Amino acid sequence: MRVLKFRLSGETAFFKKPDVNTYFYFTYGHLHKIALLGLFGAILGYGGYAQQKKDEMFPAFYERLKNLQLSVVPIGAVGGVFPKKIQVFNNSVGYASQEQGGNLVVREQWLESPAWDIYVQVACEESEKLADYLNIRKSIFIPYLGKNDHLASISDVEIFSDVIRYEQPERLDSLFLKQDFAIHFPDYDDYDEDEEDMNPYKYEEKLPVALNAQTNLYEVKTFVLTNMKVSERKKVAYSVGGRILTFY
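Under this note's numbering, the first residue of the sequence shown carries the number 1, and numbering increases by one thereafter.
Keep in mind that the hints are not guaranteed to be accurate.
[As the list claims (entries may be wrong)] Distance condition first, Cα-Cα at most 16 angstroms in a straight line; then the derived EDC-like pairs of lysine to aspartate or glutamate: (1) K138 x E126; (2) K66 x E125; (3) K16 x D149.
Source of the hints: derived by calculation from the structure; they are not laboratory data.
Nothing here was measured: the structure is a model prediction, and the numbers come from that model.
Please work from the sequences and hints to get the whole structure.
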């Protein structure tokens, strides 16, 4: 098996949650599969929601890329978390608000300095095409991190062919589906004071994994990121470039 790897980063990112109130727009804490497929679609020149026709079940980028197998490793997320900050700005195009003057005050929660290492199994025509585009730094449209205010930086493109299959991994470096692994919480009596695992963490969040065929709304599943050991494994993991990953 061959695996494409690259670093995806930016100064800020905003992956809008649909379940928001009327005051703030909140972001998912990490890059999710639909946003990543949308970024791939921009690179390859596939249409998005705005180009979707009434007789089409999904936007073109999702229809063509939904079967890609991906793995996401957050970089620099302390305890699995990127810093977030509320940004306040005005939308004054005139038709943004019914208030006098047509000015809309927008409050969005942005991720600060996010970065992820992205892994894609190169196992089909679309993944081969994506690997070719990234290798020659080609993109049809500008890729961004959730919204066009947040430009994406792509670097460190590599192809790995020495991939090792792990039936029983003891740890995982990537985000993984909670349903696939159980976490082994440490017994502190078994640890030395100098061991890194004395500061264990577990990050958990529901993230989109698919689009619903009837509504095009997100279908979500619970993901986990942790430095603790895993057990009761229900899915195979792979060693790629020294990291232990699961694909979804």
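Right, here's what the structure says about each hint:
no., hint, verdict
1, K138 x E126, "holds, 15 angstroms"
2, K66 x E125, "holds, 13 angstroms"
3, K16 x D149, "holds, 13 angstroms"
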